[in-house]
Amino acid sequence: MNGLRIGVRFVAWLIGLVTVGAMGAEGARITISKWADPSKSIPVSMSGFSGEVDTVLRYDLGIQGFNFVGSAEAAYQITGSNAGQLEGHVVESATKARVLDRAYSSGTARVQAHALADDIILAITGQKGISQTKIAFKTESGAGNEVVVADYDGYNAVKITQDNALIFAPAWAPGRRTLYYTSYRLGNPDIFSHDVTTGARQVVARYTGLNTGAAISPDGQRLAMVMSKAGSPDVYVADVRGGSPVQLTKTREDESSPCWSPDNQTICFASRKDGRPALYTITASGGAMKRLATAGVGNATEPDWSPDGKSIIFTTQRGGSSFELCLVPAAGGEVKVLTSGEDPSWAANSRTVIFTRRTNGKRVLSLLDVPTKQVKDVKHISGSCSQPCWAR
Amino acid sequence: MPFFLSLVVGLTLALGVAGCKKSPKGPTYIPGAPTKAPGTDPGFGATTPGGGGGIGRPVDPGIGRPISPGDGGATSVPLNPGLDPMALAGIEEFEGMLKDPSALAAYTVYFDFDKASVKASEMGKVEEVAKVLKANSSDKLLIEGNCDERGTEGYNLALGERRALGLRETLANMGIGLDRVRTISYGEARPAVQGNNEEAWSKNRRGQFILLKPKPTK
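Chains as they are written, first to last, in the numbering used here: chain A, 173 to 564; chain B, 455 to 672.
Keep in mind the hints are simulated off the structure, nothing from the lab.
Where is the CB? At the ideal position from N, CA and C, for every residue including glycine.
Hints are not guaranteed to be accurate.
[Stated by the list, open to error] Which chain B residues face chain A? A few, computed with CB under 10 Å, are given here: (1) 570; (2) 572; (3) 573; (4) 575; (5) 608; (6) 636.
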């Protein structure tokens, strides 16, 4: 008699588990529409985690549109444990639906925690998180700089150069572990491509004058850059090895910081063509420069086009050393001032941005969640760091 | 008979589930959710604490091909001056020359904020530089363009270059061949004076002339 009860209970439990698991997926789909407005931070409660795992989860979720509240006010309850193996569970408060049940047993505690954070974000919002992504930036080193690659939160930072040379404008090749940057290693500002995995480097542009602002098209096929070899810093487009460069702009004044539209058709950049810096676009195959309207906001530089194509984030300078990040629709128009800072780079999710702030005589890196305007500093890296770029 | 069968089925299922959970390889997933193992993606997901491993071994300067014109697709294409009068001569035209930073140090030219135009008050210094170059026809010139710190880095790098090129153009109008003059911008990275005030800033917005002398042939 006892054996029968145990057996039946076991089977019933198993069936229940599978059903709940399936319901979990359904539950996630129902809740996505409720939190469709990204400017509303999603209230969640979290308990059961400790140490580094807890810290990583709070950081990752805190910068990707979540805020932490008590379980009574939470839309989702995140529970789990990292006492033994890492386990995470998410329940939607209103429906009691289990939207996530997962355990992890390979990788370091940080790697697992970042993975869990992304799983939580995907389960609740249906969007891919950026907790497991990489950034690159330059750091002051002696009289020059070195290029650094790190996790997006600043951990596991590694210098990939040992040149003690001036560095500018690091930029990732999309989807690849190759960085482009300008280095004065050879006595001239030259653009290099640098395979981060092997350390192999190649010269991409070494003309007299300036070679900078390397930006690879999202399809990985072409390279936009600024070169002054024709007498003034202009935007050029070449193949990704720097071959067959074509001059796109032919102004007397200087252009800078080109970036690509996600459909690879258009390049946005800054120019002093009309006296003060402003944003322009040009067709990547050549044509006329078109002024990008940034209503009421002048001195616009360093644009970056969001991967979803909808917006351009840029830096405006309001006198002195006061810089602000601004958002404008990709077609131009009304500008939203976001926060103090400069030199922004989008993450692949089109909502998180990494940028530079000047503070206490040095430069630091910070993260901005554009819809909620939440800002967090990138921790765990020391020294003066700037010109970050997000791998996407 | 049936209850015994249920027991066997139940126990078998229980053992099966327990067996899954005890799998030593890879993450364990509770059924119902799609899975991806953390740390197994050899791409950007894998991180190695302490900086070893696949990401970013420090670059050995010996790695990578030695730089020369034509390497990696970056040829210094000699440009027909008739077609492109402002074009810069290739780097190889200036290599191997000796730098003399003090010869023309007195003639550093200063610029107004956010401007690359050479002021009338600064023209006298440019004329002196032109005189030196005319007197030494085998000498060449490197012009270093600089900015104050008020501007973003990418913008200042381009502005510094525009200043150096403006001086080069002014020298050309004074009769100095364009192919004798090379430019380098340092943006805001090489201030002459530290400080966060106009006194410092005004001294940093500058173009510096570095005389290039041919290496003496022995």
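Hints, one by one, checked against the model:
1. 570: holds (7 Å)
2. 572: Violated - the Cβ of residue 572 of chain B stays beyond 10 Å from chain A, reaching only about 14 Å at its closest.
3. 573: This hint is violated: residue 573 of chain B lies away from chain A, its Cβ roughly 16 Å from the closest one there, beyond 10 Å.
4. 575: This interface hint is violated because 21 Å lies over the 10 Å limit.
5. 608: holds (4 Å)
6. 636: holds (5 Å)
The earlier numbered hints that this structure contradicts are 2, 3 and 4.
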